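*Asks:* Going down the list, the protein sequences come from chains D and R. Counting in the numbering used here, the first sequence runs from 1 upward without gaps. Counting in the numbering used here, the second sequence runs from 1001 upward without gaps.
It cannot be assumed that every hint is accurate.
What the hints assert, rightly or not - Label pairs and their computed distance ranges (CB to CB):
#	chain 1	residue 1	chain 2	residue 2	range
1	D	GLY31	R	HIS1210	44 to 52 angstroms
2	R	ILE1178	D	ARG102	43 to 51 angstroms
3	R	PRO1331	D	ARG40	45 to 53 angstroms
4	R	ASP1237	D	VAL56	48 to 56 angstroms
5	D	ARG33	R	GLU1323	51 to 59 angstroms
6	D	ARG40	R	ARG1152	26 to 34 angstroms
7	D	ARG102	R	PRO1230	46 to 54 angstroms
8	R	ALA1159	D	GLY31	31 to 39 angstroms
9	D	ARG33	R	GLU1330	41 to 49 angstroms
10	R	GLN1020	D	GLY172	27 to 35 angstroms
What the hints assert, rightly or not - Quick look at which bits of chain R chain D covers, simulated, 3 or more residues with Cβ under 8 angstroms:
#	region
11	1032-1040
12	1191-1202
To be verified - The following residues of chain D were derived to be distant from chain R, with all beta-carbon distances above 10 angstroms:
#	residue
13	ARG21
14	VAL43
15	LYS50
16	GLU55
17	THR93
18	ALA133
19	ALA137
20	GLY148
21	ARG151
Just so you know, these hints were derived from the structure itself, not from any lab. Predicted model, so just to flag it, every value in this text is computed and none were measured. For glycine and all other residues, C-beta sits at the position ideal for the given N, C-alpha and C.
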Amino acid sequence: MNLTDLETDALNELFNIGLHRAAASLSELTGKRVEVDLPRLWVCSIDELKDRLAEVISGDLATVHQFFGGPVAGDAVLLLEYDKAVRLADALTGGEVALGGRLDQSAREVLAEIGNVVLSSCLAAFGNVLHVAVSFAVPRIHVESLDGMLRSVVIDREQGIPYALVAATRFGMTELEISGYMIVVIGVRSLERVSEALAAKVR
Amino acid sequence: MPLADLPLLEPGASADVLLQAGDFLGAGVLTVGTALEVSGWNRWLEAATGWTAAEVVGRPLLDVFPGLGGSRGETAFRRALAGETVVMSHRFHEFLLPMPSDPAFPGFERMQQSARIAPLLSAGRTAGAVALIQDVTERVAREAELRAALERAEIASQAKSDFMAAMSHELRTPLGAIIGYSDLLETEVVGPLSEVQKQHMRRVKSGAWHLLGIIEEILTFSRVDAGREPVYPEPVDAGAVAADAVALVDPQARQKGLALRVILGEAPVALVTDPGKLRQILVNLLGNAVKFTHAGGVELRIWAEPERVCFRVTDTGPGIPPEHMERIFEPFTQVDSAHTRVQGGTGLGLPVSRRLARLLGGDLEVASTLGEGSRFTATIPLVPPAAPEPAAAERAP
């Protein structure tokens, strides 16, 4: 599936707004500066996504998935390497929940809440810009390998379409030495609807 | 998309099911309408608050819980009415709904709660919100206990390492005096010694040197374990380091009538590493091999691979049972504790060697066949990995 230049520009802008809002929420929660790279956008298969992510991230991951539904459906993921997730939970709780380098139940819940706030603000931006109602599921936190994480990404599975639009950005909190990724994956079917909504907006 | 993941809950009959499900799961279920009026209140909530559904349903949520007004709890309900799903951990909120304190957990003034709040949909429109509230007081208390226990264990472990380091140091100082004055006496500068006295002097010295070796081993182990062992890399000829190590072990091998062979390619094998640590690894491996081998021989083979140099020590000793293969790298372990008395030693040689090899960016592996012998292979990178120190330093308190 190919996107026109105009569509690509518009999508870039859309994700830029969404992911920046997510970063702003993260900054508000942590009280720390959050730097965000420009989101990168590509249409690819889940296997390609794995290859691309494997270049920049490794080991066990702590991920918060927030599935969303409605006219545009997909999966938003906050992705952190395990030790960074521990550090983030630590930073937010004054070392109270994640002591000992592990994520216990309380630390996981704290991360789920962080993921919820961050990803919701991104998805809400989507809804606002596109004027479509996006409904969110309860976020889920997983500790898994990259393989496991990609298996649990939900995109148009019932339609058996293994391709997706992926928008990913790296964020960093220098003070806490934490960096991670925010990824939004939407199925091709949803992508068509996003294109339509964007076209309507451009007109 | 799994249906259960989406907030497709219909109010009315299905909301009643939700209330019951909450009771079944041991969780509070509270539903509100679009004006934030309480529309459902399950038995769990009745038990937790002491208020019946009849007293609460129909009243504004903020009237029932005035403490919620302006809080993130209220915001969460409003976000749910706007279509979002909200997670609230106990950490940021401590309690979503003010509830009477639980005498079972005197440390907490209120019940510790975590909650999930989701929109209730009717024909595609938001018709209210549902909150699922869990009592996590016990879990939080248990986690706090675990953390305290972990902290105590870490402090105890640190204290043990510090004690070991301090004791080893304290023991080394008087040993210096014992060895030094034995040397002096042996030279007969302060007076002649009889043959018997000389023999006794040699035994004192040999015992003192042995003890010094053990103390050095413990010191190295505690330093490496605490991440305080510095690495001083420099260009090194593997063959020269190996020759040094072999020279130190050779007398013991001769004494036992064992052949000690070094197999090295013709071209010199050069690498950049800490020669002292590499020598210590090789001395440990060769010393162990000689110690545990009673007949046959010990061989050290050295070869270079594209990114690393391998040092393999093969012996014809008793071998290591498979179930003990990893345990031998644990500190204070000798495969057969009866060996400890026969063979002596701290049981720290292999753990120290593996830790040193890893400190140098490599590793130490073992392969063994019971009754035939063992094969230890240390792999050391040609160049040390970039700055391993900061991470180790960070771990130290």
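*Asks:* Name the hints, by number, that the structure is in violation of.
*Replies:* Hint check: 1, 4, 6, 7, 10, 11, 12, 17, 18, 19 fail, others pass.
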